[in-house]
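Throw the hints in and build the complete structure from the sequences for me.
Residue numbers (this note's numbering), protein chains in the order written: chain Y, 38 to 315; chain P, 17 to 283.
Simulated from the structure, these hints should not be mistaken for lab results. Ideal Cβ placement from N, Cα and C applies to all residues, glycine included. Zero decoy hints are in this set.
Residues from chain P that face chain Y, not an exhaustive set, calculated with beta carbons under 7 Å:
| no. | residue |
| --- | --- |
| 1 | R95 |
| 2 | Y99 |
| 3 | R103 |
| 4 | A105 |
| 5 | V152 |
Here are the simulated DMTMM-like cross-link-like pairs (lysine to aspartate or glutamate), alpha carbons at most 25 Å apart as the crow flies:
| no. | chain 1 | residue 1 | chain 2 | residue 2 |
| --- | --- | --- | --- | --- |
| 6 | P | K235 | P | D213 |
| 7 | P | K235 | P | D43 |
| 8 | Y | K245 | Y | E208 |
| 9 | Y | K307 | P | D104 |
| 10 | Y | K307 | P | E153 |
| 11 | P | K235 | P | E80 |
Stretch-level coverage of chain Y by chain P, calculated; a stretch enters the list once three of its residues show a Cβ under 8 Å from a Cβ in chain P:
| no. | region |
| --- | --- |
| 12 | 231–237 |
| 13 | 307–313 |
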Amino acid sequence: MSTATSELAAVGTGRPSAVAMVEAAESRRRWLVLGLRILVGVGFLAVWQYASGRWIDALLISSPEAVGLRLWRWTLDGTLWNNLSVTLEATALGFGIGCLFGFGLGLLFGRFQLLAEVFDPYITAFYSIPKIALAPLFIVWFGIGIESKVAVSAAIVFFVIFLNTYSGVREVEPLYVHTTKIMGGGELAVLRYVIIPSAASWVITGLKVSVPYALVGTVVGEFMSSNSGIGYLIATASGLFNTASVFAGIIVLALVGACINSGLNAIETKVLRWRGPG
Amino acid sequence: MTGTGGISIQGVRKTYVGRGREVLALDRIDLEIQPGDFVAFVGPSGCGKSTLMSMIAGILPVTEGRILHHGRPVTGINREAGYMTQRDAVLPWRTVAQNVELPLLLHNVPRAERRDRVASMLDQVGLSAFGQAYPVELSGGMRKRVALAQLLAYGPDTLLMDEPFGALDAQLKLLMQEQLLRIWTERRQTVVFVTHDLAEAVTLARRVVVFTGRPGRIKAIEAIELPPERDVFRVRFLPEFEAAYTRLWDALAPEIRQGEAAEGRAA
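See the structure below:
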């Protein structure tokens, strides 16, 4: 019906409908933004390439060409995947373990106020430790293998997820809990149908924040002491003043972080559809 | 006693402790509500009518006295009643159909029966086309109808309604009242209905209970002599309506004025 109306309007006045005009303007705007974005990226690479060796010593900033070549070679000889897989595995494990404990304890503390009140000062104390400072200790405890990196990541992720889950559970609307109970729900049903979905938006925010942290934890662990991983590649390359490799490693980390983030955004949109647009 | 869903309120008192002193909210409330009765509570704001409702629902404990529902004292959350408030209690993360289904899930109704009952309830409240929508995508009136469908889906014999239509505009309110009255005529649940709208109370209820200002006491109980099958749009033009409304207003008005004066002094 709406199409018919707008067509009628267009026929009546002899000009394109208002809807079509607004849509065309929006589409032009999108292409403009995309085009300018590409221009900025290409421009940056061009300036970098030009400046390298002319304005600034190539030893310090390498060049896009050298970095690209290095990435290409790493891909061909397996260096990239061998090290990336180690970093990804440590990040994923640390993330998973941190989430599991953070979510579980967050739910528990959110439901049992006494527990939360008793442990509050200790949690605050632990929370204020920069978790990176624990990395040397974890290396002593777990060795230079993947376990120490997992531990650093998990320690960072744990607190973010724990605090978000806890706040989420505390924020649950009591009216929802009451009505669900009156409808016949027990504690378990309230947890499943009210508390967990209600806390989900907080938890997802926590997940989004903690993924980059998990990566940081792993990479810092690899900087300190390891024999593989992207952090290890970067650390050894910088020791040899091999800036092309350092940049290549950083770019790989940036790409990994961006991929994980867009994945989480997609999950968020799907899971939180009920919040409505905006 | 015939049927189920009777409520007996016996010598109920409710005090709050706040800012280091005890405040009396409700005093010596005695009320018998027969199964299948439709009782409205009216009174000035702060008279404790909602508090009494929360105590029947088991959300708040009584300080003294007791409340029997189905002949048993209410000691915790009352799982044998349906409860609907002014604020939306439909869960925003469940679709309309999932919300209506929730009480059936909680009562372990088999899947096929759940599907049928949800479909028929949505049909009854005119929301068949919105089963897959989320509450955020609906208007306030539609969300009320979801809450009503949910309440009726599992068929509690007692409905506790705390200003359920308070936030709706006048026309929508009439439509919801009509729907509620139709359902009540069919099923004859026991209904306790809190409202600040005297016309709404007279339109719907068979008995109207007037509360005094704080501390709330029962001031008057008025039986409404209108046919149980009423037309909510026209009932207000009947002489019986006018007579009941006038008597109730005469009981209520001094309480409201007194409340205002007290507030004026406090301010």
